[in-house]
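Enquirer: Residues per chain are reported as follows:
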Amino acid sequence: MGEQWMFYFDPNRCIGCDACSIACKQRHDRDATADDWRTVSHLKRGEYPDFEDVPISMSCMHCHDAPCEEVCPPDAILKRDEDGIVTVDRDRCIGCHYCAWACPYGAPTYGDDGLMSKCNMCLGEGPGGGHGQPPKQKAEDGGAKPSCVDNCVGEAIKAGPQSEVMDEASEAAARRFENGAYGSRVIVEPIAEDAEAAEAIRSGEDDRADAWLNG
Amino acid sequence: MIELLDLPAFVEFRWLPADYWDLSIPVYLYLAVVAGGAYLTGASACFLRSLRDSGACCLESEIARWGFLVAVLSAAGAGLAVLSHLAVVYRAILFPIYLTNFGSWITIGTWILVILSVLAVVCLVLQLFGEGPANDEGASLFPRRILAWVGFGLLERLDRLVDRVRPPMAGFAALHVVGSLFALATIYTGFELAIVDTVPLWNEPVLVPLLFLTSGVAAGIGLTLGLTMLFEREIGPVFGGYALAVGVLSGVSLLLVGYGWSALATSDSPAAAASYVQLTDGLLYVGVWVVVVGFLAALVAGLVLGAAAVTGRLSPSIERLGGPALIGSFGLLFVGSLVLRLLFLLAAEQDPVVVVGL
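Chains D and A, in that order, give the protein sequences.
Throughout, my numbering is defined as the position within the first sequence, counted from one, plus 957.
Throughout, my numbering is defined as the position within the second sequence, counted from one, plus 5.
Worth flagging that the hints you see were computed from the coordinates, not collected in a lab.
Treat the hints with caution; some may be incorrect.
As the list claims (entries may be wrong) - Derived CB-CB ranges, DEER-like: (1) A:A178 <-> D:G1068: 45 to 55 Å; (2) D:G1068 <-> A:Y290: 31 to 41 Å; (3) A:Y290 <-> D:E1004: 22 to 32 Å.
Said to hold, decoys possible - Away from chain D, derived, C-beta distances all over 12 Å, residues of chain A: (4) A81; (5) V123; (6) L146; (7) G176; (8) G263; (9) L301; (10) A330.
As the list claims (entries may be wrong) - Some, not all, of what chain A presents toward chain D, calculated at C-beta under 7 Å: (11) L91; (12) A92; (13) V93; (14) R96; (15) A97; (16) V201; (17) T203.
For each residue, glycine too, the CB sits at the ideal point set by N, CA and C.
All chains, full assembly: derive it from the sequences and hints.
Expert: Shown next as structure tokens:
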């Protein structure tokens, strides 16, 4: 069994430009109006005038426990042993949308044909393009860098084998990931500029900090 | 999640897109259990008839035939509803080849629904054709009249065929027991939603399946009784017993709805709060009342009239009003039980994506 590939996201470096989602569509030759495999959402906090938002780039997280694979009736979704990438065999998909119900991130999309397609970490190109492909290679070994990673202007998105991504993450992000934050499905950097919450957590005034840090 | 949100968190709500399902999904989730309830009615009526040792025209025979007929039609309706939702229908029709993930409730449910459908068809044919039904009378025998009208000797051939293959009493009993188990297994429709743990309205692995079963079975029995009562106005002890069962199941459903409602209202989860707002604001609020009124009407009518009929305390004047009252209340129950499933889908909200500052 190969090492699990996964995404890393740093909201502190994301400027919400949507280059990742557009690059994804171009790489996979998808129609401009098709549902995005990678989306940029704006998470909100507070009420006007104390209002903030932060852009979040999300796609299929290729979860270690892949809830979509568990519920797929025709076994069209496969969590690959060799690299952990979740692919879809559209020749088996019945278009029941059950995977969309189960996915915590809203990753599965459906085209006019009603069949599911989603991010395959640029293992292959186009809907279902990842199915049956050889194991994912790193860029330096001749593999294709995921298009979203390649085109992210702020280097907010990274992808790679879990151990390598963990090495690049901050200590707080790595600790949270190891403790099960986000279901240990993606490594997300904490937002650095939230000084008030940070101080409360560091000083121990906020006893919910442990729960948060431990996911 | 609660701890996360107590901190100053960035949150985005994300509704499950409505086109992930359409109206066919609640109809499918509903009719599958209605088929189960109707099958249970038919099988139990056959059992009661066997105790009476009377194969001739009797209320039990009518209830059995209507029950199996409703089961067949509901199962067919459920199948068509779910097929209409799929992108590649032929792969679903070839389910023994394509649906290979037996850990998926859709695969499990497909087998349950198909086997229940087959058993219901067999039971219906055995109740409609052969020497016994040929000498029987009743509105539920209308398929025989249709076949007689079609001609070509179809009716006679079917009667002969059924007499030839009719199983002995023990075979009938086994058929009904196995069929009843599959009828109860339509509880799977609740599990299809309950496995989605990111939707607080759904992620109750005991409550949701139990509610779907009790409400659907009550509706199945109620629909069978309503059809029977359209032609057989007498409310005897047998009828009263079934009405009592509908009342009890409706009461249990109402209790489960109440428990689920209070759990939703008191939940700290933001998605639960969003669902609660949806259900108490606007059109869905009307739906909530349709559900409550439906269960309440069937509870009161079923218990009062059913108990009176079982104990023989039904006066002729009340009996005259009792028929329409039961039909009306079971009609409300049928609608309310369907609306319940609609609400489950329309008020569904996934727990939001959360990023916390540090």
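Enquirer: Does each hint fit the structure? Answer for all of them.
Expert: Hints, one by one, checked against the model:
1. For A178 (chain A) and G1068 (chain D), the Cβ-Cβ distance of about 51 Å falls inside the hinted range of 45 to 55 Å, so the restraint holds.
2. The given range of 31 to 41 Å is respected by G1068 (chain D) and Y290 (chain A), whose C-beta atoms sit roughly 36 Å from each other.
3. For Y290 (chain A) and E1004 (chain D), the hinted distance range of 22 to 32 Å is satisfied, since their beta carbons lie about 26 Å from each other.
4. Every beta carbon of chain D lies more than 12 Å from that of A81 (chain A), the smallest distance being close to 19 Å; the non-interface claim holds.
5. Distance check for V123 (chain A) against chain D: the nearest CB is about 20 Å away, which clears 12 Å, and the non-interface claim stands.
6. Listed as outside the interface, L146 (chain A) is consistent with that label: its C-beta sits roughly 39 Å from the nearest C-beta of chain D, beyond the 12 Å cut-off.
7. In this structure G176 (chain A) is separated from chain D by more than 12 Å, as the shortest Cβ-Cβ distance comes to about 33 Å.
8. The Cβ of G263 (chain A) sits about 26 Å from the closest Cβ of chain D, beyond the 12 Å cut-off, so the non-interface label holds.
9. Every beta carbon of chain D lies more than 12 Å from that of L301 (chain A), the smallest distance being close to 31 Å; the non-interface claim holds.
10. A cut-off of 12 Å between C-beta atoms confirms that A330 (chain A) is not in contact with chain D; the least separation is 40 Å.
11. Proximity of L91 (chain A) to chain D holds as hinted, the smallest CB-CB distance being about 5 Å (cut-off 7 Å).
12. The criterion of a C-beta within 7 Å of any C-beta in chain D is met by A92 (chain A), whose closest approach is roughly 2 Å, and the hint holds.
13. Residue-level restraint check for V93 (chain A) holds (minimum Cβ-Cβ distance to chain D is 5 Å; threshold 7 Å).
14. For R96 (chain A), the suggested interface contact is upheld, since its CB lies about 5 Å from the closest CB of chain D, less than 7 Å.
15. Against a cut-off of 7 Å between C-beta atoms, the interface hint on A97 (chain A) holds, since the closest Cβ of chain D lies about 5 Å away.
16. The criterion of a C-beta within 7 Å of any C-beta in chain D is met by V201 (chain A), whose closest approach is roughly 5 Å, and the hint holds.
17. Annotation: T203 (chain A) was flagged as interfacial toward chain D, and the flag holds, the nearest CB pair being 5 Å apart, inside 7 Å.
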